[in-house]
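Starting from the given sequences, assemble the full structure and let the hints guide the process.
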Amino acid sequence: MPILRKLGTFWTFLASSFVIYGVIQLLISTNAIGDVAKTTIIMIGINIILTVSLNLINGITGQFSLGHAGFMSVGAYVSAIMTLDFNVPFPLALLIGGTAAAASGAIIGIPTLRLKGDYLAIATLGFGEIIRIIFLNTEYVGGAAGLSGIPNKTTWLWLFLFTLLSVIMIQNFIRSKHGRACIAIRENEIAAEAMGINTTTYKVIAFMIGAFFAGIAGGLSAHFFYVISPSSFGFMKSFEILLMVVLGGLGSTSGAILGAIVITLLFTALAEMPELRMIIYSASLVLMMIFRPGGLLGTKEVTLSFLKKKEGNPHDIASRSA
Amino acid sequence: MDYHIQQLINGISVGSIYALIALGYTMVYGIIKLINFAHGDVFMVGGFVGLFSTQILEKFLPPVPMFLAALIISMLFSAVLGVLIERLAYRPLRGASRIAVLITAVGMSFLLEYVMMAIVGPQAKGYPGIIAKKTFHLYGEIQIDSNQIMILAATIVLMLVLVYIVHKTKTGKAMRAVSFDMEAARLMGINVDRTISATFAIGSSLAAAAGVIFGMTYSSIDPLMGIMPGLKAFVAAVLGGIGSIPGALVGGLLLGTIETEVSANGFSTWRDGVAFLVLILILIFRPSGIFGKNIREKV
Chain A
1 MPILRKLGTF WTFLASSFVI YGVIQLLIST NAIGDVAKTT IIMIGINIIL TVSLNLINGI
61 TGQFSLGHAG FMSVGAYVSA IMTLDFNVPF PLALLIGGTA AAASGAIIGI PTLRLKGDYL
121 AIATLGFGEI IRIIFLNTEY VGGAAGLSGI PNKTTWLWLF LFTLLSVIMI QNFIRSKHGR
181 ACIAIRENEI AAEAMGINTT TYKVIAFMIG AFFAGIAGGL SAHFFYVISP SSFGFMKSFE
241 ILLMVVLGGL GSTSGAILGA IVITLLFTAL AEMPELRMII YSASLVLMMI FRPGGLLGTK
301 EVTLSFLKKK EGNPHDIASR SA
Chain B
1 MDYHIQQLIN GISVGSIYAL IALGYTMVYG IIKLINFAHG DVFMVGGFVG LFSTQILEKF
61 LPPVPMFLAA LIISMLFSAV LGVLIERLAY RPLRGASRIA VLITAVGMSF LLEYVMMAIV
121 GPQAKGYPGI IAKKTFHLYG EIQIDSNQIM ILAATIVLML VLVYIVHKTK TGKAMRAVSF
181 DMEAARLMGI NVDRTISATF AIGSSLAAAA GVIFGMTYSS IDPLMGIMPG LKAFVAAVLG
241 GIGSIPGALV GGLLLGTIET EVSANGFSTW RDGVAFLVLI LILIFRPSGI FGKNIREKV
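Top line first, the protein sequences correspond to chains A and B. The numbering used here puts the first residue of the first sequence at 1, with every later residue one more than the last. The numbering used here puts the first residue of the second sequence at 1, with every later residue one more than the last.
Hints in this document: simulated from the structure, not taken from any laboratory. Be careful, since some hints might not be right.
Stated by the list, open to error - Here are the simulated DSS-like cross-link-like pairs (lysine-lysine), alpha carbons at most 27 angstroms apart as the crow flies: (1) A:300 / A:237; (2) A:237 / B:33; (3) B:170 / B:33; (4) B:33 / B:133; (5) B:173 / B:33; (6) A:116 / A:38; (7) A:116 / B:33; (8) B:125 / A:237; (9) A:177 / A:38.
To be verified - Away from chain B, derived, C-beta distances all over 12 angstroms, residues of chain A: (10) 18; (11) 40; (12) 99; (13) 121; (14) 165; (15) 168; (16) 172; (17) 173; (18) 250; (19) 271; (20) 275.
Small disclaimer: the values here were computed from a predicted structure and weren't measured. From the three backbone atoms N, C-alpha and C, an ideal C-beta is built for every residue, glycine too.
So, in structure tokens, the structure goes:
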């Protein structure tokens with residue numbers, strides 16, 4: 001396809017995304033698909049934002065975070081309050097929610113990112129739970145009953161735009177100088193520091209960007225489901241996001257997207273049998289780690305680069321060491 | 001003053017349950033550097049096995065021997081379960097990345113929870129009050145009930161048994177050697193795999209004992225009951241210094257006391273948050289815990 005080759009992978013990606021958008025928009029506006037399918041599509045979009053942003057923290061920077069649901073809840077609550085009590089326009093409310101989540105990411109990240117591995121995982125889990133308990137005890141946001149009556153503003157258009165923007169922005173960050181610094185931290189923190197990378201700064205930046213997009217995803221989900229309550233942002237939710245990332249391949253953006261799609265479809269398919277669903281989910285997690293610990297894609301990226309002349313993928317460990 | 005001493009007694013009995021679970025966390029972490037997320041669910045399974053065995057034994061035995069029999073059955077069952085979990089899920093991953101093992105542990109935890117839910121259903125099950133509840137007045141307003149005495153007695157006995165195993169038997173010596181340096185222990189002819197299995201067996205049986213005691217104290221158990229106590233026991237293990245057995249005991253008792261004090265002063269909805277706050281403060285200011293050693297990172 002010489003035309004596509006000339007345009008380059010980025011524009012091809014953008015063009016094919018808009019084709020997907022158009023097809024689904026057509027299906028929705030002609031009522032060709034039911035409400036369940038529409039909800040599933042919205043869920044896939046929200047989950048893609050969550051997994052791609054968690055992948056930036058866990059897969060690219062190598063900082064094991066289990067607090068993603070906490071950031072999501074900050075974004076959800078703040079943006080819901082913005083539209084409910086201050087009549088802020090929806091996209092602005094989402095951005096404010098994301099900014100608040102990024103701020104909480106900085107507050108949590110600066111003290112805890114000195115920790116490593118398991119300790120960091122547990123500390124972020126603890127912070128996630130603390131955020132949940134703060135919302136649980138705040139009367140202004142409804143306490144345990146949660147916040148209800150949030151206007152339904154998450155349309156397929158907004159969802160599509162925000163998902164596309166998140167993926168592009170995070171992917172561009174990963175492929176920039178700063179992204180390479182983050183990968184260096186993942187590969188060997190001490191060596192990265194010796195090469196002059198300010199590891200703390202980059203860890204906090206990655207954490208804040210991840211938290212920002214998690215907050216956006218939270219805002220989108222709050223404005224789709226009308227109601228949010230602290231119990232839906234427990235660490236189960238964090239694990240669920242982690243499962244999607246791990247299934248797709250930790251360290252791969254396209255893997256994260258694939259994981260989000262596969263798990264969301266699986267969850268919808270098994271929605272009738274919640275217990276069986278969790279058994280399949282957990283058994284597949286264990287089997288996956290034993291037989292294919294890198295996930296479906298490993299750190300490889302599925303790109304449209306086969307359209308271009310062959311070149312090594314700078315993020316693929318196999319091609320780098322060769 | 002009396003009120004606070006009363007809360008101290010209550011705190012110690014809650015803390016004993018945390019301490020029993022925390023011992024399993026700390027021993028496993030000490031040996032294979034794994035946060036065994038499934039440990040809280042072994043505690044839950046222990047509680048259920050205890051419940052089933054009391055329902056069967058009720059007809060044959062008087063209360064106190066029945067309690068002991070149920071406790072031992074549940075401890076043996078969970079020891080086997082713990083060894084199986086290690087054998088099936090963690091051993092194939094020895095040498096894999098830490099994240100892979102951690103995710104497996106999370107998966108194992110969910111698997112236990114939902115398999116149990118598929119078996120017994122999601123509703124909470126009532127636990128029979130095996131030992132008649134009697135309250136003893138100690139001094140002034142301070143009182144202690146038979147359950148609390150039972151918890152304390154069981155914890156003390158189990159701790160003594162554990163200390164004996166770790167310090168006086170060959171298995172215990174092997175456990176200490178493996179946790180000190182796995183490679184050197186293997187070179188000295190210690191069967192590392194068997195030692196790890198023994199650690200899981202001991203840790204899981206302590207968690208099962210905690211499960212039975214928990215069921216009797218709170219008179220109801222459900223398949224998801226292991227999550228919170230499991231996490232808090234982990235906090236207790238970190239607080240005491242992970243890898244240290246006396247640390248797990250002190251950490252558990254301390255955390256139990258802090259929690260009851262917070263609830264008693266009218267902040268009961270913040271109770272779970274306080275446990276995590278303690279965790280974060282400890283991780284930031286003294287990550288090696290009360291009894292832990294400082295380890296310098298080398299290149």
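For residue 170 (chain B) and residue 33 (chain B), compute the direct alpha-carbon distance and say whether it is at most 27 angstroms. 22 angstroms, holds
Does the claim that residue 271 (chain A) lies outside the interface with chain B hold up, using a Cβ gap greater than 12 angstroms? 15 angstroms, holds
Pair hint residue 33 (chain B) and residue 133 (chain B), alpha-carbon separation not exceeding 27 angstroms: 41 angstroms, violated
Minimum C-beta separation from residue 40 (chain A) to chain B exceeding 12 angstroms: can you confirm that? 22 angstroms, holds
Beyond 12 angstroms from chain B, beta-carbon-wise, is residue 18 (chain A)? Correct as stated: the minimum Cβ-Cβ distance to chain B is 35 angstroms, above 12 angstroms.
Are residue 177 (chain A) and residue 38 (chain A) close enough, with their CA atoms no more than 27 angstroms apart? 38 angstroms, violated
Taking the minimum C-beta separation from residue 121 (chain A) to chain B, is that value above 12 angstroms? Its Cβ does come within 12 angstroms of chain B, the nearest being 7 angstroms, so this is violated.
Please verify that the nearest CB of chain B lies beyond 12 angstroms from residue 168 (chain A)'s CB. Consistent with the label, residue 168 (chain A) stays out of reach of chain B, its closest Cβ about 27 angstroms off (over 12 angstroms).
Just want to verify: residue 275 (chain A) was marked as not at the interface with chain B; is every Cβ pair farther apart than 12 angstroms? Violated, because the least Cβ-Cβ distance between residue 275 (chain A) and chain B comes to about 5 angstroms, which does not exceed 12 angstroms.
Since residue 99 (chain A) was said not to touch the interface, does its Cβ keep a gap of more than 12 angstroms from each Cβ of chain B? 23 angstroms, holds
Decide, holds or violated, for the assertion that all CB atoms of chain B are farther than 12 angstroms from the CB of residue 250 (chain A). 7 angstroms, violated
Residue 237 (chain A) paired with residue 33 (chain B) [C-alpha distance capped at 27 angstroms]: 25 angstroms, holds
The structure fails hints 4, 6, 9, 13, 18 and 20 (numbered hints given earlier, in ascending order).
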